[in-house]
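Given the sequences, and given the hints that come with them, work out the whole structure.
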Amino acid sequence: AHMPPCMVVGCRVRKRFLDGKLYAGTVVDVSPADPFPVTVEYEDGDVESYSVEDVRDQLELYLPPGMMVGRRVRKRFEDGKLYAGWVVDVSPADRFPVTVKYDDGDVESY
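Counting from 1, position 88 in the sequence shown corresponds to residue 88 in my numbering; the numbering is continuous, with no gaps.
In case anyone wonders, no lab produced these hints; they're calculated from the structure.
Glycine is no exception: its CB is placed at the ideal position from the N, C-alpha and C atoms.
Every clue listed holds true.
No more than 30 Å apart at the CA atoms, straight line, and that leaves these computed lysine-lysine pairs for DSBU-like:
1) Lys15 - Lys81
2) Lys101 - Lys15
3) Lys81 - Lys101
Estimated spans, in silico, between C-beta atoms of each pair:
4) Glu78 - Leu18: 26 to 36 Å
5) Asp29 - Lys101: 14 to 24 Å
6) Tyr23 - Gly105: 27 to 37 Å
Structure (structure tokens):
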């Protein structure tokens, strides 16, 4: 399954909970082999894991102005290894708004 936009460690997301409020959090783990591969730690300390479908349906990318460009991020790829890189572009209007250049030279947009 294709991972949703910006589902890499360090990305900021928001979710509207049952109380109607939006809560911000940070992706703290992405493990594609797990049935709930995306784990988010919210600012209030709660930690929740999501399926890819739940991420698409329930989470939205949260990009505070200037927050992401130059940020160091990591992503666990299907080989189980974590790869580090830098956010090199943020274009909130794009379908995949965050572009990461990994240390091995690969470039991906999420």
